[in-house]
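J.: Sequence:
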Amino acid sequence: MATVEVGKEALYVEMHGMDRIWALHSRLEIPLVHVAGARFDPVGARTASGTGLKVGGARVGSHLIAGTFRQEGEYVFWDVHDLDRTVTVDLHDERYARLVVEVDDPAAVAAEINRAIAAA
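Residue numbers (this note's numbering): 243 to 362.
If you are wondering where the hints come from, they were derived from the structure by calculation, not from laboratory data.
Some clues are possibly wrong.
[What the hints assert, rightly or not] So the derived label-pair ranges between C-beta atoms look like this: (1) Val285 / Gly249: 26 to 34 Å; (2) Arg357 / Met260: 26 to 34 Å; (3) Glu354 / Asp324: 18 to 26 Å; (4) Asp335 / Gln313: 16 to 24 Å; (5) Gly259 / Ala362: 27 to 35 Å; (6) Glu271 / Asn356: 17 to 25 Å; (7) Ala350 / Gly315: 30 to 38 Å; (8) His334 / Met260: 29 to 37 Å.
[As the list claims (entries may be wrong)] Straight-line alpha carbon distances no greater than 25 Å define the calculated SDA-like cross-link-like pairs of lysine to any residue that follow: (9) Lys250 / Arg357; (10) Lys250 / Asp346; (11) Lys250 / Ile272; (12) Lys250 / Trp264; (13) Lys250 / Asp347; (14) Lys250 / Gln313; (15) Lys250 / Ala278; (16) Lys250 / Tyr338; (17) Lys250 / Asp326; (18) Lys250 / Ile359; (19) Lys250 / Gly286; (20) Lys250 / Ala353; (21) Lys250 / Gly315; (22) Lys250 / Glu354; (23) Lys250 / Ala362; (24) Lys250 / Val285; (25) Lys250 / Asp324; (26) Lys250 / Asp335; (27) Lys250 / Ile263; (28) Lys250 / Phe282; (29) Lys250 / His323; (30) Lys250 / Ala358; (31) Lys250 / His334; (32) Lys250 / Leu325; (33) Lys250 / Arg269; (34) Lys250 / Gly279; (35) Lys250 / Ala349; (36) Lys250 / His276; (37) Lys250 / Ala361; (38) Lys250 / Val345.
On a predicted model such as this, the values are computed, not experimentally measured, just so you know.
Where is the CB? At the ideal position from N, CA and C, for every residue including glycine.
Let the sequences and hints guide you as you build the complete structure.
T.: Structure below.
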């Protein structure tokens, strides 16, 4: 699971525990101007979780997906144990096209991100 913090000018995603090792990242910082939007879409995450080529990180069945994956010609960062608690963040002008991360309250996190980019 990750912690997502929305700052004045950036979105911060921090991985915890062993996910730091599996994902090969401990923290991502994305300027808010590069965030296109966020959504709570467990069905979409479940569908996308079965596709892609692992570039760096780990995949253990459907219980752990962490790291960088190449999906549909784009790089996507995943840090997920429970696909029903994921938020998908769409990006532009970044290494990753999307971030798919597990959080405590995905609907609230998606709404907070969308409010912040609307205000920026």
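J.: Any hints from earlier that this structure breaks? Give me their numbers in increasing order, please.
T.: Per hint list: 12, 14, 17, 19, 21, 24, 25, 27, 29 and 32 violated.
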